[in-house]
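With the sequences and hints as input, model every part of the structure.
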Amino acid sequence: MDVPPLLIQTLGSLVAILVLAGLAALLKLGGAPRLAGEADVRRAAAEVSDGFEAVECAAARDGSAALACDAAGQNMLIKRHGNRFAGRILTAQASARLHGDALEVDCGERRFGTVLLELDDPAFWIAKIDAIGRT
Amino acid sequence: MPDFSPTQYAVPLFVVAVLAEMIWARLKRPEAYEPKDTLVSLAFGLGSTVAGALLGGFALYVFIEAHEYRVFDFGEQWWAVWWAWPLCFVLDDLKYYWVHRAGHRIRWMWASHVNHHSSQHYNLSTALRQSWTGAFTFGFLFALPLVLLGFHPAMIAICAGFNLVYQFWIHTEAIGRMPRWFEAVMNTPSHHRVHHATNPRYLDRNYAGVFIVWDRMFGTFEPERDDEPIRYGIVRQLGSFNLLWAVFHEWIGMIGDIWRAPWKHKLSYLLREPGWSHDGSRETSDMIRDRWLARTGRIGQGVTSGRPVANRNPIAERGEAA
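Chains as they are written, first to last, in the working numbering: chain A, 1 to 135; chain B, 1001 to 1322.
Just so you know, these hints were derived from the structure itself, not from any lab.
Every value quoted in this text rests on a predicted model; they were computed, and no experiment measured them.
The beta-carbon is built from N, C-alpha and C at its ideal position, and this holds for glycine as well.
No false leads were slipped in.
What the simulated footprint calls covered on chain B by chain A, stretch by stretch (three residues with Cβ under 8 Å from a Cβ of chain A suffice, anywhere in the stretch; the number is not a length):
(1) 1013-1022
(2) 1027-1038
(3) 1046-1054
(4) 1120-1127
(5) 1241-1253
(6) 1290-1297
Here it is in structure tokens:
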């Protein structure tokens, strides 16, 4: 049976890819950075949107996510993505609700996913997110 | 006619180099890699190879037909004309500069090229993060002048292959700066880190493939600064490791925008710069840079901006997914 060269090459490459990605995990590359406090959140927020100056912010207790708002009333959701952070400025499509002890925030973008945050005053952020688009 | 693909021969080198960089990362910068990101980047590379094999035939057909109308004829044994090779390589690199620049300035082209930029990491696996959808753009047309000049399509393909192989090694943070003379002429890790940055200062700069002189010549060069840490990726980071979303997100966003736009603006969503919107509700890289300049008071302080820059990062927009 003649196997097409492209198929052999593809399968060989697939094996190499899996080995390399597995090796990255085996070598414990990556890590999980934390947003340890307000300074970290402010810095991350400014990186998500250049010039975003958080006037209020709250980091999840495990440091994996945060919420921030600026003087203009914009609200931002930040989450850990791999070993970096990604975020969204929340629009009227966003929603927030309590999920057990945690606050669940959905930015309205399915591929970004919902984010769970355990923080001190979830009601404050629920009110802020609910108010988006109403003011 | 020689049947030779530099990239195919370089694959073992790519694997060994990625391995070596991973060991460097383990010792010095564990955060330089992220296993899921690496997997996505390498899967991009594999898919790109398959897509090229399946979809590259059309461009080849166009080139072979166009070659019939060449201005200069290098003869039956065109591959034996030694001086044609370096000439073709340099002209192909010039072509690369412009096709790359178009890849950042025209949303249709960016829809494909964004794939290469969507990692928040900058390592050798990022180099292999190549688009699957290049065949659905018109990028190949940029090579037509070379074909019409008389360079055989196979010669151009081989030169383009070497160009791609060269660009592999510059996707790393493991190398700081090369010797000054080298930095002056060649594209280097330092120059290309700038290209992959989302910092407003660096947006849409350093399009070069092999020779950085094109950026210096056409006004798009920006040196890397030691006092400004680089953030990699795209302005609106994906926040997802879903491979198919990473491949097609910008096509989906662009088609959605065209669908929803008023008739007179539909074509603009295809051909204008990424981030452009008919109601001004989104940000182009010009706007991001101008806002940064205004905020930091850098206008007129030697920052190479103020002139229009390529508007990339359509997904930097707020509102609709782009």
